[in-house]
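As given, the protein sequences belong to chains H and X, one line each in that order.
Be aware that the first sequence starts at 1, since it is given in my numbering, and climbs by one per residue.
Be aware that the second sequence starts at 288, since it is given in my numbering, and climbs by one per residue.
Hints listed in this document are in silico derivations from the structure and should not be mistaken for laboratory results.
Ideal Cβ positions, reconstructed from N, Cα and C, are used throughout, including at glycine.
Check each hint, because a few of them may be wrong.
Computed cross-link-like contacts, DSS-like style, restricted to lysine-lysine with a CA-CA straight-line distance of at most 27 Å [said to hold, decoys possible]:
{"id": "1", "chain 1": "H", "residue 1": "K16", "chain 2": "H", "residue 2": "K5"}
{"id": "2", "chain 1": "X", "residue 1": "K510", "chain 2": "X", "residue 2": "K443"}
{"id": "3", "chain 1": "H", "residue 1": "K176", "chain 2": "H", "residue 2": "K191"}
{"id": "4", "chain 1": "H", "residue 1": "K11", "chain 2": "X", "residue 2": "K393"}
{"id": "5", "chain 1": "X", "residue 1": "K541", "chain 2": "H", "residue 2": "K16"}
{"id": "6", "chain 1": "H", "residue 1": "K5", "chain 2": "X", "residue 2": "K393"}
So, partial list: chain H residues that the calculated Cβ filter (under 10 Å) puts toward chain X [unchecked claim]:
{"id": "7", "residue": "A4"}
{"id": "8", "residue": "Y66"}
{"id": "9", "residue": "L84"}
{"id": "10", "residue": "L88"}
{"id": "11", "residue": "L119"}
{"id": "12", "residue": "M125"}
{"id": "13", "residue": "F136"}
{"id": "14", "residue": "V156"}
{"id": "15", "residue": "L224"}
{"id": "16", "residue": "L235"}
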Amino acid sequence: MISAKERRARKRLRSKSAYHLTGIAIAIFFLAPFAVTLLASFRHGTEASLPPLPPWPTTGVSFDSYRLLDTFGAGIWRHMVNSLLVSLATVVLTVVVSLLAGYGFSRYRFPLKNVLFVLIIMTLMIPFQSILTPLFIILAKLGLNNSLLGLTLVYVTLQLPFSVFMMRNAFDAVPKEIEEAARIDGARDLKLLVRVLLPLVLPGVATVAIFAFLNAWNEFLAALVLLSSNEKYTLPVLMTAVRAGRLGAINWGAVQAGVVVMTIPCLIVFLLLQRYYMRGLMAGAVK
Amino acid sequence: MIGSGLQRQSSAPRRRRSQWRGLAYIAPAMALVIVFFIMPVIFTGWMSLHNWPLMGASRWIGFNNYFRMYNDGRFMTALNFTAYYTVIVTVAIFVVAFPLAVFVEKERQFVSAYRTIIFLPVVVGLATASLLWVWLANVDSGFIGPALKGLGLVEKSPNLLATFDTAFLTVVVMVVWKIAGFTMIILLTGLQAIPAELTEAARIDGAGRWQRFVHLTLPLMRKTIALALIVSVTGSVLAFDQFYIMTAGGPQNKMISVVYYIFNQSFVSFNLGYGAALSIVLLAILVAISIIQLWLLRVGEDRP
Numbered sequence: 001m002i003s004a005k006e007r008r009a010r011k012r013l014r015s016k017s018a019y020h021l022t023g024i025a026i027a028i029f030f031l032a033p034f035a036v037t038l039l040a041s042f043r044h045g046t047e048a049s050l051p052p053l054p055p056w057p058t059t060g061v062s063f064d065s066y067r068l069l070d071t072f073g074a075g076i077w078r079h080m081v082n083s084l085l086v087s088l089a090t091v092v093l094t095v096v097v098s099l100l101a102g103y104g105f106s107r108y109r110f111p112l113k114n115v116l117f118v119l120i121i122m123t124l125m126i127p128f129q130s131i132l133t134p135l136f137i138i139l140a141k142l143g144l145n146n147s148l149l150g151l152t153l154v155y156v157t158l159q160l161p162f163s164v165f166m167m168r169n170a171f172d173a174v175p176k177e178i179e180e181a182a183r184i185d186g187a188r189d190l191k192l193l194v195r196v197l198l199p200l201v202l203p204g205v206a207t208v209a210i211f212a213f214l215n216a217w218n219e220f221l222a223a224l225v226l227l228s229s230n231e232k233y234t235l236p237v238l239m240t241a242v243r244a245g246r247l248g249a250i251n252w253g254a255v256q257a258g259v260v261v262m263t264i265p266c267l268i269v270f271l272l273l274q275r276y277y278m279r280g281l282m283a284g285a286v287k
Numbered sequence: 288m289i290g291s292g293l294q295r296q297s298s299a300p301r302r303r304r305s306q307w308r309g310l311a312y313i314a315p316a317m318a319l320v321i322v323f324f325i326m327p328v329i330f331t332g333w334m335s336l337h338n339w340p341l342m343g344a345s346r347w348i349g350f351n352n353y354f355r356m357y358n359d360g361r362f363m364t365a366l367n368f369t370a371y372y373t374v375i376v377t378v379a380i381f382v383v384a385f386p387l388a389v390f391v392e393k394e395r396q397f398v399s400a401y402r403t404i405i406f407l408p409v410v411v412g413l414a415t416a417s418l419l420w421v422w423l424a425n426v427d428s429g430f431i432g433p434a435l436k437g438l439g440l441v442e443k444s445p446n447l448l449a450t451f452d453t454a455f456l457t458v459v460v461m462v463v464w465k466i467a468g469f470t471m472i473i474l475l476t477g478l479q480a481i482p483a484e485l486t487e488a489a490r491i492d493g494a495g496r497w498q499r500f501v502h503l504t505l506p507l508m509r510k511t512i513a514l515a516l517i518v519s520v521t522g523s524v525l526a527f528d529q530f531y532i533m534t535a536g537g538p539q540n541k542m543i544s545v546v547y548y549i550f551n552q553s554f555v556s557f558n559l560g561y562g563a564a565l566s567i568v569l570l571a572i573l574v575a576i577s578i579i580q581l582w583l584l585r586v587g588e589d590r591p
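I would like the entire structure built from these sequences, with the hints used as guidance.
Here it is in structure tokens:
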């Protein structure tokens, strides 16, 4: 004899377990590629070219694949430093430039203000893929071809529409009274901006910084076109060369290790700063 | 610092000075945009009217680069392929992302963990994802083939990247894996914006789950869907990394997208002028898409 109440409870339990079984299946689909690669990257060098079942190391954890990665190009550290330099420089420059521009657009009146703002936002409508050919030539004319600085400046420019938009909104949200009070206290211009306003727009800065970092760290096509010598390669360009066998025979162990190296910073940044990332995503989507 | 301010200034010079200040604040951003964006855009148009080799002098040839496209079978193939890819991928992403958005819509146990997990591939680079999947799909030491064999679905581990159909399918699955979380989040925001009272009222009026979805959810999400659609379409039209990395344009050069073709013309064959002309065409296509986007969003706005 089952009461109606009990039947309802059972039904609820069944639907709940169905929900979570589906959820687990979905989670496996999205996580498995990461997990399998991570596990496989710790197999012994001899295992790397064998069929990957099981994908985890069967003869003890080994860093062979990571060590092997160091034999390609100018060594993995060099390329990691390249990627980090470009990404961090992009973050710093993007934050500084968009902070200034956002403040200027939010607080000052000047001729052609709206035209200039639209000009910056328009960058978004025209994808950089369609201006890569002349960018290549302009950078050469400026003596910035095959340089990490040139690549960084391109990345900063690509970040500007989103970042300036973000920062202008952040400054718009700061009450004018705070600024006026600070002015009366004698803070002016850059001092006012750095000491008084910067702490108030810090969430906006965080959002801008995360997007700048991830985009610079992950960008591939511009780096492929603009960097021509081996030792300048960022990680994605190096790894494509490894994958294509241009630096010797393809070693899948090295590819797995490279993928892990490229993935981890993205996941860390995202998981730690998820809140700010989502804010940026929404702002970007609504625009 | 108290008391150091408060000097009076007449308002006219102050305004003029503040004009210069405003311009000074935006100057670095403007300089970057002019040098690395506006100049290249104009320069693309100029280059497209030239025969522009990597070395040596460029020569004015008028619109010949544009006429050349008509007879360029490989460009037409790339254009067709890109259109085909865009349609398939966009449909695939929606087919996956919409149910996912519905799945994670309600607040319940572990739902935010599901959301985060589905979103993870979005933050990884497309190049990284391509490298990851090219290994997974590799015939000798990859994972997918042996796993399919292990499950008894195939007799022999297939070389997924060897034929057009299986290579294309692999790329589509990779892109869906990488992008679906992004589309899901956009759709989720749209779903959550639908007032619960409306759904409740429809339920009381006797509308079934499917009826509510078709007559209530879909119309109310028009704007969100248009947005997600545009993001997916623009992204697919510009696809490059996955074809360059996963299949190197093969098999039989059938998987060369428009951007890949421009890359080949400009940076492999060094026909920079022709590459620029192709870029202008790509730009025109994207501007057309943007106009359709604005139109779609406008249409969405007219609804109550």
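Hints, one by one, checked against the model:
1. K16(H) - K5(H): Cα-Cα ~16 Å, so holds.
2. K510(X) - K443(X): violated, 47 Å
3. K176(H) - K191(H): Measuring from Cα to Cα gives roughly 16 Å; hence the hint holds.
4. K11(H) - K393(X): Status holds; Cα separation ~18 Å.
5. K541(X) - K16(H): violated, 46 Å
6. K5(H) - K393(X): holds, 24 Å
7. A4: violated, 22 Å
8. Y66: violated, 15 Å
9. L84: violated, 14 Å
10. L88: Since chain X brings no Cβ nearer than about 16 Å to L88(H), farther than 10 Å, the hint is violated.
11. L119: holds, 7 Å
12. M125: With a minimum Cβ separation of about 6 Å from chain X (threshold 10 Å), the hint on M125(H) holds.
13. F136: holds, 7 Å
14. V156: Holds: closest Cβ of chain X sits about 6 Å from V156(H), inside 10 Å.
15. L224: Holds: closest Cβ of chain X sits about 8 Å from L224(H), inside 10 Å.
16. L235: With Cβ-Cβ at 8 Å, under 10 Å, it holds.
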